[in-house]
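Student: Got chain S sorted already, so can you dock chain F onto it with the hints?
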Amino acid sequence: MKLSTLILCGCIFFTAFLPADSIYEFDNSVEEKRFYSLISEIRCPKCTSGSIASSDVPVSRDLKQKVYELILAGSSDKEIKAYVTERFGASSDYKPAFEGANYLLWFGPFIFLGILMLIFLSNRRL
Amino acid sequence: MSTIYRSLIILLPLIVFITYGKILIADKDDVFTYFGPKEFPQFNLQDLGDSEIDLKEFNGISLLNVWASWCITCLVEHPFLTKLSKNEIKLIGLNYKDSQIKANQWLEKRGDPYLFSIYDPRGDLAFDLGVTGAPETFLIFNQQIIGHIQGELNQEKWQSTFVPLINTATKANQ
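First to last, the protein sequences are chains S and F. Mapping of the first sequence onto my numbering: position 85 corresponds to residue 85, and the numbering continues sequentially without gaps. Mapping of the second sequence onto my numbering: position 82 corresponds to residue 82, and the numbering continues sequentially without gaps.
Hints listed in this document are in silico derivations from the structure and should not be mistaken for laboratory results. A quick note: this is a predicted structure, and the numbers were derived from the prediction, not measured. Just to be clear, a hint being listed does not mean it is correct.
Listed below are the simulated DSS-like cross-link pairs for lysine-lysine, each with C-alpha atoms no more than 30 Å apart in a straight line [unchecked claim]:
1) Lys83(F) x Lys66(S)
2) Lys102(F) x Lys83(F)
3) Lys46(S) x Lys157(F)
4) Lys33(S) x Lys46(S)
5) Lys157(F) x Lys78(S)
6) Lys97(F) x Lys86(F)
7) Lys46(S) x Lys38(F)
8) Lys90(F) x Lys56(F)
9) Lys22(F) x Lys56(F)
10) Lys22(F) x Lys157(F)
11) Lys38(F) x Lys22(F)
12) Lys38(F) x Lys95(S)
13) Lys109(F) x Lys66(S)
14) Lys56(F) x Lys157(F)
15) Lys66(S) x Lys46(S)
16) Lys46(S) x Lys97(F)
17) Lys171(F) x Lys46(S)
18) Lys33(S) x Lys2(S)
19) Lys83(F) x Lys81(S)
20) Lys46(S) x Lys22(F)
21) Lys90(F) x Lys109(F)
22) Lys81(S) x Lys38(F)
23) Lys66(S) x Lys86(F)
24) Lys78(S) x Lys38(F)
25) Lys22(F) x Lys78(S)
26) Lys22(F) x Lys83(F)
27) Lys102(F) x Lys81(S)
28) Lys22(F) x Lys95(S)
29) Lys83(F) x Lys97(F)
30) Lys46(S) x Lys90(F)
31) Lys56(F) x Lys66(S)
32) Lys66(S) x Lys97(F)
Taking beta-carbon pairs under 8 Å as the criterion, some of the chain F residues facing chain S (in silico) [as the list claims (entries may be wrong)]:
33) Ile9
34) Leu11
35) Leu12
36) Pro13
37) Val16
38) Phe17
39) Tyr20
40) Ile23
Think of the CB as a built atom: it goes at the ideal place given N, C-alpha and C, for glycine as much as any other residue.
Chain S extracted, bound-state conformation (with noise of 0.2 Å):
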């Protein structure tokens, strides 16, 4: 075998194991599936967008830290989110509560869309 084919074989060998992110280790998959959808449902907040699944900011590492510590912890979802927002904020939840002032956040489009649609409608008859 050539040398260069061989430290090419060596490159992509050792390359492959590396992990891009600290190894988080669950009982069962449904834990881990939590844990993957809910961090990719916080903001991280030290960034201008994105979320702590995105992100290896320290406030992010410590971020997801917790919830795999709150996850094996027994701690449901909404407890979770609540902790996070308690501490970051409201606007770290990408996902907003169906609830309160966010159902202007859930159904604004819809409604800007609707008076859209019916002034032009209205136009149209004229």
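Tutor: Chain F alone, transformed into the frame defined by chain S:
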């Protein structure tokens, strides 16, 4: 009549859009429009000299400044903090994710404006406070967090954010 109607067609969606945006886009500089005042979290930490800390230190008006020896912006705001501490402002440090030796060396070299600094190497208290990095400064009144600034604290931010909050808090208490 028709011109009014026509201009309304253009203006109405615009007004709706702007109002909607105004409601949704909150001013990020003023984090406390989100939180409102909240209790200072419980903690089990010592200061940089290994002494116990009493929560009573947070009675009255005090500032909690999050700093670290690795933090460049902390160096920038250090002269302003020194000035504040000379103006009879109770300034408490929160040493964030640092080594105790390096932190003490930093204070020795540059001067210590803090009454004392809470040593938080893992960032436990900082996490409960919602700290995203250093420097950050919290305004505390009778163990309640009433203000929060992320990034450098300077004369301008002090005047525009903290001074009005201090005035309101002390007036309400009289």
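Student: Which of the numbered hints are not met once you compare them with the structure shown?
Tutor: 1, 5, 9, 13, 17, 18, 19, 23, 26, 27, 34
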